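A.B. asks: Next come the chains, spelled out residue by residue.
There are 2 protein chains.
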Amino acid sequence: MASSPSPSSPSLNSGSVLQFDRFQSLVDVGFWHRLSSLKLDTLGIDQSPITLVGFFAPHSRAQVSNHLTLLSESLPTAPIDHASSIETNLGNRNRCPVPGILYNTNTLEEFKELDRDNLLQIEANKILEDIRLGKVEEDSTLLLRFLVISYADLKTWSFRYLFAFPALVIDPPATLMSLQPATQMLTAEEAESLSAACNEWRSSSLTAGIPFFIVSINSDSQATLRPLKDWESCQGDQNKLLFGFYDPCHLKTNPGWPLRNFLTFICLRWKLQKVRFFCYRERLGLANLDVSLIGDALISIPTDFTEPQYIPKVVGWERIGNRLALRCISLAESMDPQRLAASAADLNLKLMTWRAVPSLNIDVLQTAKCLLLGVGTLGCQVARTLLGWGVRKLTLVDSGRVSMSNPVRQSLYTFDDCLNGGRLKAEAAARNLKAIFPAMETEGIVMAIPMPGHPIPAQETASVLEDCKHLQALIASHDVVFLLTDTRESRWLPTLFCSHENKILINAALGFDSYLVMRHGAGPNVSTPDNNLECRDDGTAAVLMNELSLKDVGAKRRLGCYFCSDVVAPIDSTSNRTLDQQCTVTRPGLAPIAASLAVELMANILNHPDRIYAPGEIASSITGNSAQPLGLMPHQIRGTISLFSQMTLLGYSSSSCTACSETVLSEFRNRGMDFVLQAINHPTYLEDLTGLTELKQAAGSFELDWDDETDDDAEIQ
Amino acid sequence: MASSPSPSSPSLNSGSVLQFDRFQSLVDVGFWHRLSSLKLDTLGIDQSPITLVGFFAPHSRAQVSNHLTLLSESLPTAPIDHASSIETNLGNRNRCPVPGILYNTNTLEEFKELDRDNLLQIEANKILEDIRLGKVEEDSTLLLRFLVISYADLKTWSFRYLFAFPALVIDPPATLMSLQPATQMLTAEEAESLSAACNEWRSSSLTAGIPFFIVSINSDSQATLRPLKDWESCQGDQNKLLFGFYDPCHLKTNPGWPLRNFLTFICLRWKLQKVRFFCYRERLGLANLDVSLIGDALISIPTDFTEPQYIPKVVGWERIGNRLALRCISLAESMDPQRLAASAADLNLKLMTWRAVPSLNIDVLQTAKCLLLGVGTLGCQVARTLLGWGVRKLTLVDSGRVSMSNPVRQSLYTFDDCLNGGRLKAEAAARNLKAIFPAMETEGIVMAIPMPGHPIPAQETASVLEDCKHLQALIASHDVVFLLTDTRESRWLPTLFCSHENKILINAALGFDSYLVMRHGAGPNVSTPDNNLECRDDGTAAVLMNELSLKDVGAKRRLGCYFCSDVVAPIDSTSNRTLDQQCTVTRPGLAPIAASLAVELMANILNHPDRIYAPGEIASSITGNSAQPLGLMPHQIRGTISLFSQMTLLGYSSSSCTACSETVLSEFRNRGMDFVLQAINHPTYLEDLTGLTELKQAAGSFELDWDDETDDDAEIQ
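Protein chains in written order, with our numbering: chain A, 1 to 717; chain B, 1 to 717.
These aren't lab readings, by the way, just hints derived from the structure by calculation.
Don't take each hint at face value.
Identical copies carry no separate label here, and so any pair may be met within one copy or between two of them.
[What the hints assert, rightly or not] Cut-off 20 Å, straight-line C-alpha distance, at most; resulting in silico cross-link-like pairs (SDA-like, lysine to any residue): (1) K155 to L424; (2) K155 to G400; (3) K434 to R423; (4) K155 to G421; (5) K155 to R401; (6) K229 to R276; (7) K155 to R423; (8) K135 to I210; (9) K126 to P308; (10) K126 to T141; (11) K126 to K313; (12) K240 to A188.
Note that the structure is predicted; figures quoted are calculated from it, not measured.
Start from the sequences, fold in the hints, and give me the full structure.
C.D. replies: Right under this line is the structure:
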């Protein structure tokens, strides 16, 4: 167990070279977890050395010998101040804190290429400096400075590391004259008194963490433990003095590693050449002088040490046998796979903040509650891209079942989901998202979205009304709504509700080879009394515009919604469509593109200080990168694969809009679901209400293209 | 079983109204499958009526009565000439062909709104016209014209349909004077002779398909069957005449439906008012005069029928009881789910050709063999979008395993694939693609792509050489190669091989928020003797440039490859990268966008007549849609999410290119794998060979950005 700087075996005979049993490093997995978090959340690519606190204790149990341990609390909590030391619980008698330093590299190559000699030398110089300047008398743990170099591969959860316990080398080395159990070197009375004094020292929170001390035994055999700074005052009293230290070693033949720098300190600082040392050891948490040792060592004062610019020789890299104790631990196997998956997914995101976008707010994405209306080609891909951004809370709404033609384009479903008539899409999507990533919190809601201009029979009114209320409650309880249905009129009610609740709504729609992705503007300020209470019977809290936001809004024009540039109200457009129109035939690459853009747009909005109120930007108005961390904040993105082109557009709200105008919102807030039912049952009601009828008549025989994609004449600036 | 136009029951007593047992429709599922194919592949949204052939036969087996059957061969084979009739096998005695017409609508609404009265009237008018003009004497089956209306919902494989068997209404109706088994109305000798004559008629391929005939029995009791056109010549011989028809009905009390228009014909055309008719029926395929009936009917000639513009009354929509026999059949349950999935997936694509892109060539996509190099974020999404385009043959190459961080961004993997150290990506992707769509033919190849400038130890040379050969063989045996790896130098060898094999290569690469998607140009024309044979030891066929293509190429500049605008050769860029660099940190929406664009670009290339030689187009040079069915044919597409912008670029091949220049290809064709190994082992070899070293020196202290995305200065035109 003893280290062997020379092949000669240790001996109790006088005159042999004093050999010290080395520290062994022991790292709790909690340390690596904390380091990983620190790296990901705080440090990023910063490679500055990290202050550590290691722990050791006097030897107490035969099975555990001579360890210096790193625990999760060995690392600072974020945010890191590199200069500050770590607050440790000094009262824990089994965790005597020792100062250390960690060099964690970003790459394996850097780890391998670290100048280990130099790093060790730096620590040795500090120790010598602390000795010379008297700092050790104030804080004796400075003698036990240690050093760790590591490379944390957070992608595979494996950690390479190497410890050093720097010891100044004195030449010639100390000579051991004798080494005996303490009880053999003391009288019974002295031993009893020393035990009591040690137990007292160890039980006081003021002294339990101080590993080096002076034992003073007076002529009455009474022993006292005194801190090193009392050295001067111990000189005059003629008491027997022993130099005690917490000895983590269990060997009868050797003292532990802490004695090595202690002797050097004593010899250098106090000019002693003969030192009686006391290896303090315990049994069952109490001083035990049968296993504790007392020894005598001779040390020559190395003259060169006294030269001010002397560079001390140093040893101390941890070894196993003759080889460096370079260790690699993989936590992947010991971790709960689901937790491992969650942290691996986080890694992808946190790495973004290391270099690419340090100001990126990942938390706001990870905690966002997203509502997906429609889980078809668009919905599946939106869910997947949200997964990539770390969004955990997804609610998926769809009334359909997975059909045989779906899996090749709808990326959350497989062939199995189509069998026996097909699973309900909302439920299959919610389930399959968890199979991809178990940490997802998903819910599938099987519901059709009520549509204006699709009159309903009287006997179905109650259930449609329930659906309306359910939809409103869902929108109120989420942060972001994605509108991903495949008809124009199914977008109306969610648009109305989001406008009312002032929720972020992102809309994606596909043509055959063109796409539109847009965010809706904030809702209008309608000053109807009690307008916030009128239609709220679901008990959920809604984020309505506060006074501050209202002022901001007053100063800007509201961005438009999907319906703002229409001159017709949304009514039944699905009847009488041929198969290719029903299936929303699109080029297969379109949905992934539009869905990804929709989610990226969400990432921008949630990272923008004004969120739903963020003004619309268009690419031509920005020369370089936008001021926001993720770049441009467009209102609408339109693209076509037929030209492989894409552009950003900007359009403002219309006072005749059938979904977000003050007229409509005011009516909804006054009349609640009665208004909604009227819009559903009376195809011309919305047009009559908003004046679109007049507008339409004014436009004469204006021919409308019913294509979902091209009827919006947003303004290009 | 008898239809009941009036509530009075049929009677054998003389003087009752003659009632006819109606036809019942019977449609084989093969008919609907053929109709589906016809609709998808040929008709599209064309709603022109389709010529049909129905089949019936004399009643023969007690269990099967009175059916008119549609089989798959009832439909024309594509391409359709609406005017032409269907060639049927006239020789089949059990399939007497009957002309019909099908109106298949594109939507359910159109189906419901069809003017059924009018459609039936049109058929009745034809029948009357055929009677008047004497066409019936030439082709008696014209009396049995039938009509089908249908709506085929190919998305759910359900079919709604309704049959009509039009019968002209005469008023007053025919009166039945008597109806007896034929054996009771004939002498034994007559019966025997008639049986023989009928069996002969039915066994001749010339007459078996003629359902109406005249029976002439002479004074010697000898019966003869004669076609209707022989009516005139039958008049003089004083023989007994019976008007025979194939009677599909089994009832003793009523004749079947064919008699109805037959009597009208006889009365109108031949001016008879008293008709002895013969209901020909069989047992076990032979004439049976016990079950055959002979009856006497009185018909008044309706005078209005003789007016030239007379519009006849008509009945005939199939009924069940008093209700229209509107039927709906769903084939989904009876079909093999895997086949159903395949046809459903095809549907998505074929619908594109109905309206959006009639000239789209889907077959070329469905039969393309695609090789994906890399199955990470890009590879998974490329595979999915290929699935959407109907590509069936995918080979996936990757050396990695699915790690915990993958599933949230790599859309082919789930949590399960990460457990126990992770499945091999190539194999997991191949397997999971089949789970999405069982018709996929996928293969996973676990292989790392050898890279230039990554020297290999001598003992690994043999296996790296094997990998090189394997890669070349894979490229040679596929039609399209997708280059989706995450380092620059892993793109070199596939680029070289594709250039050599002249294979379509599509390259996608990601930065943090920008992407590049490009197709490589054709390979250079290197006139080394035997250059095509030099390195081919894999036995696969390579599509090398033929003479014609070479001429084309000579006239144009070759498009560049990924390396054409570099001034450094690809060497080891992966060492010493920090974690965020190793993980190719990108915004999550980027990979789906780039991957989708890559596949859409492939769709354009495969639909372009010049394929790999198609000139590069950029958006600004095209005002409207491109001449090609799918639009613009760009060379490079670059975009950035930070501005939500995208552009097309064009760059030509460089004579100093390290991957596709004549110098490099010539060297490879001369030296084969020795050349490749030299490039791998000697980092400067490629630069020395191509003159890039000089170019680099000429550029002075040019600082290179090693970012994968920004080192390519393609020219913008």
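A.B. asks: Are the hints correct? Go through all of them and say.
C.D. replies: Taking the hints in turn, this is what the structure says about them:
Taking identical chains as interchangeable, the C-alpha atoms of K155 and L424 lie at most 20 Å apart only when they sit on different chains, with a minimum of 17 Å there against 36 Å within one chain. When the C-alpha separation of K155 and G400 is checked against a cutoff of 20 Å, the pair qualifies only between copies, where the shortest distance is 13 Å, while the shortest distance within a copy is 39 Å. In this assembly of identical chains, the alpha carbons of K434 and R423 lie at most 20 Å apart whether taken from the same copy (16 Å) or from different copies (19 Å). Taking the shortest alpha-carbon separations for K155 and G421, only the inter-copy value of 13 Å comes in at or below 20 Å, while the best intra-copy value is 41 Å.
Taking the closest pair of Cα atoms, K155 and R401 come within 20 Å of each other only across two copies (12 Å); inside a single copy the shortest separation is 38 Å, beyond that limit. With identical chains, the CA atoms of K229 and R276 are at most 20 Å apart within one copy only, with a shortest distance of 18 Å there and 140 Å across copies. Taking identical chains as interchangeable, the C-alpha atoms of K155 and R423 lie at most 20 Å apart only when they sit on different chains, with a minimum of 16 Å there against 36 Å within one chain. In the homo-oligomer, the alpha carbons of K135 and I210 lie at most 20 Å apart inside one protomer (14 Å), although the nearest pairing across protomers, at 121 Å, exceeds that limit.
For the identical chains of this complex, K126 and P308 are intra-copy neighbours only, at 13 Å inside a copy versus 123 Å across copies, given an alpha-carbon limit of 20 Å. Only within a single protomer do K126 and T141 lie at most 20 Å apart by alpha-carbon distance; the minimum there is 12 Å, versus 112 Å between protomers. Only within a single protomer do K126 and K313 lie at most 20 Å apart by alpha-carbon distance; the minimum there is 12 Å, versus 116 Å between protomers. In the homo-oligomer, the alpha carbons of K240 and A188 lie at most 20 Å apart inside one protomer (15 Å), although the nearest pairing across protomers, at 150 Å, exceeds that limit.
Taken one by one, the earlier hints all hold for this structure without exception.
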